[in-house]
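*Asks:* I would like the entire structure built from these sequences, with the hints used as guidance.
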Amino acid sequence: GIQVEQSPPDLILQEGANSTLRCNFSDSVNNLQWFHQNPWGQLINLFYIPSGTKQNGRLSATTVATERYSLLYISSSQTTDSGVYFCAVGYNNNDMRFGAGTRLTVKP
Amino acid sequence: SQTIHQWPATLVQPVGSPLSLECTVEGTSNPNLYWYRQAAGRGLQLLFYSVGIGQISSEVPQNLSASRPQDRQFILSSKKLLLSDSGFYLCASRASAAYEQYFGPGTRLTVT
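These protein sequences, in sequence, are chains A and B. According to my numbering, the stretch in the first sequence is residues 443 to 550, in order. According to my numbering, the stretch in the second sequence is residues 412 to 523, in order.
Read the hints as simulated data drawn from the structure, not as lab findings. Quick caveat, the model's predicted, so the values are computed rather than measured. Ideal Cβ positions, reconstructed from N, Cα and C, are used throughout, including at glycine. Be a bit skeptical, because a hint or two may be false.
Facing chain B, from chain A, some residues (calculated, C-beta under 10 angstroms) [what the hints assert, rightly or not]:
id: 1; residue: Q479
id: 2; residue: L485
id: 3; residue: I486
id: 4; residue: Y511
id: 5; residue: Y515
id: 6; residue: V526
id: 7; residue: G532
*Replies:* As structure tokens, then:
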């Protein structure tokens, strides 16, 4: 099956800093999503982005499908951005594979 | 948009006891439904998925089973819980004509 690797595993930032999270995947995909898991465990959809670039406020994402990676950018980070960020990919719609996540801590 | 409900939110059960976790979906018809388990706050593992009533596919052999008695209801069960069944269980839904999965709030299960 598809392998998904996220980096870095842990990231500590000062409030206001920018960051880039990376997701590498091992095979062609037609589904890629980024999620934020908040401290209460809720998974929040950030982007559906199998290719191209999208922006939503301080967050943006880029997927280069031909090179099998996706990047999530967080600008001007806030303490509420803390949590775990997951990348999930799939080719078959019922076979989404999650990476191990990047744990982000934003300090005030 | 879809809303996914899960209950209970937390559960503490002794080893050997039965389990029933419920997931219901609002806002879409004939969704694809999923059960995931998350251990130690990292990495979601797909346990079961369903493309319709009574249709269940299992991703990994385990002590758990799933059922879909109604279009927007998905149940995760066990006859006898093991310590290793502890974890955070998440239900997800995908509209049949879309790619994005949406998640419920989860059930935190502790087996003692």
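*Asks:* Among the hints numbered above, which are violated by the structure, and what are their numbers in rising order?
*Replies:* 4 and 5
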